[in-house]
Amino acid sequence: MHDVWLIARREYIERIRTRGFLITTVLIPIIMGGFIFGSSFLGSKVSSESHIAIVSSDLQPALDLQDELERPRLSDGASGPRMTVDVMGAGQETRAILDRELDSGDLDGYLWIAPAATPGAPPAFTFTPRSGDEQSLRNSLASAIDRVLLRERMARQGMAGADLDAMLQPVQIATVHAPHRVDREAAEVSVTVLFFLMYMVIMLYGMNVARSIIEEKTSRIFEVLLATIRPEEMMAGKIIGVGSVGLTQVAIWITAGLLLMSSAMAPHLGGQPLHFALTVPQIVYFFVYFLLGYLFYSSIAAALGAMTNSEQELQQLNLFLVLPLAFCFIALRAVLINPDSSFSRSLALVPPFTPLLMYVRVTLGHPAPWEVALSLALTSASIYAIIWVTSRIYRVGVLMYGKRPNLPELLRWLRYS
Amino acid sequence: MPIVQLQNVRKVYDTKVAVEDLSFAIQPGTMFGLLGPNGSGKTSSIRMMIGITAPDSGAVSLFDRPFHRSMLARVGYLPEERGLYKKMRVLDQLVFLGQLHGLSAAEASKRARLWCERLNIAEAIPKKTEDLSKGMQQKIQFIAAVLHEPDLIIMDEPFTGLDPVNAALLMDTLGDLRREGRAVLFSTHRMDQVEKMCDNIALIHRGLLVLSGSMRDVKSSYPRNRVVIQFEGSEGFLSHPSIETKKRYNGHAEIKLRPSATLADDAQSLLSEALRHARITRFEVMEPTLEEIFIEKVGEATPKNGSAIFEPESEEERAGELVDA
Numbered sequence: 022m023h024d025v026w027l028i029a030r031r032e033y034i035e036r037i038r039t040r041g042f043l044i045t046t047v048l049i050p051i052i053m054g055g056f057i058f059g060s061s062f063l064g065s066k067v068s069s070e071s072h073i074a075i076v077s078s079d080l081q082p083a084l085d086l087q088d089e090l091e092r093p094r095l096s097d098g099a100s101g102p103r104m105t106v107d108v109m110g111a112g113q114e115t116r117a118i119l120d121r122e123l124d125s126g127d128l129d130g131y132l133w134i135a136p137a138a139t140p141g142a143p144p145a146f147t148f149t150p151r152s153g154d155e156q157s158l159r160n161s162l163a164s165a166i167d168r169v170l171l172r173e174r175m176a177r178q179g180m181a182g183a184d185l186d187a188m189l190q191p192v193q194i195a196t197v198h199a200p201h202r203v204d205r206e207a208a209e210v211s212v213t214v215l216f217f218l219m220y221m222v223i224m225l226y227g228m229n230v231a232r233s234i235i236e237e238k239t240s241r242i243f244e245v246l247l248a249t250i251r252p253e254e255m256m257a258g259k260i261i262g263v264g265s266v267g268l269t270q271v272a273i274w275i276t277a278g279l280l281l282m283s284s285a286m287a288p289h290l291g292g293q294p295l296h297f298a299l300t301v302p303q304i305v306y307f308f309v310y311f312l313l314g315y316l317f318y319s320s321i322a323a324a325l326g327a328m329t330n331s332e333q334e335l336q337q338l339n340l341f342l343v344l345p346l347a348f349c350f351i352a353l354r355a356v357l358i359n360p361d362s363s364f365s366r367s368l369a370l371v372p373p374f375t376p377l378l379m380y381v382r383v384t385l386g387h388p389a390p391w392e393v394a395l396s397l398a399l400t401s402a403s404i405y406a407i408i409w410v411t412s413r414i415y416r417v418g419v420l421m422y423g424k425r426p427n428l429p430e431l432l433r434w435l436r437y438s
Numbered sequence: 004m005p006i007v008q009l010q011n012v013r014k015v016y017d018t019k020v021a022v023e024d025l026s027f028a029i030q031p032g033t034m035f036g037l038l039g040p041n042g043s044g045k046t047s048s049i050r051m052m053i054g055i056t057a058p059d060s061g062a063v064s065l066f067d068r069p070f071h072r073s074m075l076a077r078v079g080y081l082p083e084e085r086g087l088y089k090k091m092r093v094l095d096q097l098v099f100l101g102q103l104h105g106l107s108a109a110e111a112s113k114r115a116r117l118w119c120e121r122l123n124i125a126e127a128i129p130k131k132t133e134d135l136s137k138g139m140q141q142k143i144q145f146i147a148a149v150l151h152e153p154d155l156i157i158m159d160e161p162f163t164g165l166d167p168v169n170a171a172l173l174m175d176t177l178g179d180l181r182r183e184g185r186a187v188l189f190s191t192h193r194m195d196q197v198e199k200m201c202d203n204i205a206l207i208h209r210g211l212l213v214l215s216g217s218m219r220d221v222k223s224s225y226p227r228n229r230v231v232i233q234f235e236g237s238e239g240f241l242s243h244p245s246i247e248t249k250k251r252y253n254g255h256a257e258i259k260l261r262p263s264a265t266l267a268d269d270a271q272s273l274l275s276e277a278l279r280h281a282r283i284t285r286f287e288v289m290e291p292t293l294e295e296i297f298i299e300k301v302g303e304a305t306p307k308n309g310s311a312i313f314e315p316e317s318e319e320e321r322a323g324e325l326v327d328a
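Note that the protein sequences, when read in sequence, are chains A and B.
Note that the numbering used here has the first sequence beginning at 22, numbered continuously upward.
Note that the numbering used here has the second sequence beginning at 4, numbered continuously upward.
Note that these hints are calculated values from the structure, not bench results.
A quick note: this is a predicted structure, and the numbers were derived from the prediction, not measured.
Don't take each hint at face value.
[To be verified] Label-pair distances were calculated between CB atoms; the ranges are:
| # | chain 1 | residue 1 | chain 2 | residue 2 | range |
| --- | --- | --- | --- | --- | --- |
| 1 | B | 152 | A | 391 | 54 to 64 Å |
| 2 | B | 84 | A | 39 | 18 to 28 Å |
| 3 | B | 19 | A | 276 | 39 to 49 Å |
[What the hints assert, rightly or not] Example chain B residues on the side facing chain A (calculated, C-beta under 8 Å, incomplete):
| # | residue |
| --- | --- |
| 4 | 62 |
| 5 | 66 |
| 6 | 69 |
| 7 | 74 |
| 8 | 85 |
| 9 | 90 |
| 10 | 94 |
| 11 | 102 |
| 12 | 104 |
| 13 | 149 |
For every residue, glycine included, the Cβ atom is placed at its ideal position computed from N, Cα and C.
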């Protein structure tokens, strides 16, 4: 045990001291923060300003629509989307002019109102957006048209203007959270952030384990080490040492993140304050599943490192590491939307996916206690099995140089000892 | 009480017999030379002494007891393939390796400094290993092998890659360690070094022991039929009838005498013949050199293909598997 500790400590100290550690510690949050703020910034940019034109031979409905669209909606708040609307009559050149303006980017789209063929029927609306992807614009247009048509019909049936306004006032739903229940949206944000964190750190440090084994193979130091300690101790020390570096990094990030959120700076960081709600059990679950995930993937990485002789060879094999992680990534959306669906429930029990997906379920869904227990047991058991296999590959592979072993050779390695 | 004892050790890798029925023992305070061409099983034998691999049959004992990993703290090992952590500072590296052998950090640091001074590399202490010259790195590795004052020092090709001054320094240091009562085993191809330093030798070829014993016994089992002459003048004496083969260099001749019951007399008659032709500055009658014995023994064992002596060993063949001890 003392030797494992020595190996782990050396690995830890040497890694913490490197410039690479400092750089990733600083850069990764900046990149992730950049993504989050960048996308929310872009999102607000897109929806906040749009300029459309309404073409109609009958000006009254067009003006009503303009009024409806330009009025800031209460439910959107002060920062809601704003719209500038031009109203014009239909002329010969109108469509050509509007199309030109669409091309030049002055206009985000135009709505063409054709009078109804039969009296009493609603007119025909045709919307031509600048790009195909104007879902939010189309939505606000549709609801505005609905309101205008409704208002018109009601007015025709003799309802007074004030009554109409009161009736059409959108309903406000106030959300009050029960005590100890985190607001779901905020939890989703924190879980996504932590999911990415886990994903990146497991990937990064799993590869680091493999790389550090290859480095030891190329520097040939392990032969000196093997003259005093067992290969299993070497491997354990490496996984613990490299993993502690990852844990340190995550701890730094989380502490910095919490400090930042609780400080007065938080509201100034984004347009709206970013909720980052974490409860203590969530943080505990995060570390538990993070550890399991790290152990699972880094033992696989250790086996890959022991089987290969160079970084290039490792690249060819790191599919085994990347594929299951990437799958978790793809499945994340589905699990986020419905953490308690049978799909999510069964997937979260499959060991390679448990650390990431069960963690999401535990924070957002309502897994039964037996599910949590089973996921922990299954993952621990498979980690044990993987370490068993890996340490056999490792003890042979670490002394093996030359060509990469093929599958029959690998199976033979497992039978040794 | 032997420090190391191998008894009828056999080791087979997948398809290749690495060591077959190998037995020898090393006594404390002696220097033991393990000789053999590349791929003959030297490294495999050494690896079995330090538990990196275990023999398939036969027994390895360390310090008069069956091998156990706990004894490894008393063994120092310099592998043939040198390896140090490149990015690590020299002192940290030595302290780390010392700690693995059971030293405290403070003690390891103190000894590391003393050893660096002893081997004239004190200026390397604060540097990173990758910034050092190859020779310096080798000295660091040497220190790592002896820092914990092991009773058994195993060095696989310790002098390759060193300049003559540093090779001599390490040889002297190994001599000092032997005088302190430690057992030193080293493997090498350099027969002149073995001849100068070793008390006992074992020559293995293709996994088999072909020659072993004390240096003196091995040499004296061969007739003193070699003559080295240094001369100025005519080399007419080289046609003397007692000469079987000869190698002629400028003012220097190495002669093998014809087998005979009266070798000593033949040598004297050769000397007087030589004196008639030339001015002799050196005349030495001796046993064959270890190198000649080596080539002869290895050549015998490979009757058809004499050039196989220095065949490069393939990388895969050296791979070993590990077995718990």
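To see whether the hints hold, each was checked on the structure:
| no. | hint | in the structure |
| --- | --- | --- |
| 1 | B:152 / A:391: 54 to 64 Å | 58 Å, holds |
| 2 | B:84 / A:39: 18 to 28 Å | 25 Å, holds |
| 3 | B:19 / A:276: 39 to 49 Å | 56 Å, violated |
| 4 | 62 | 19 Å, violated |
| 5 | 66 | 16 Å, violated |
| 6 | 69 | 18 Å, violated |
| 7 | 74 | 11 Å, violated |
| 8 | 85 | 6 Å, holds |
| 9 | 90 | 7 Å, holds |
| 10 | 94 | 13 Å, violated |
| 11 | 102 | 5 Å, holds |
| 12 | 104 | 6 Å, holds |
| 13 | 149 | 12 Å, violated |
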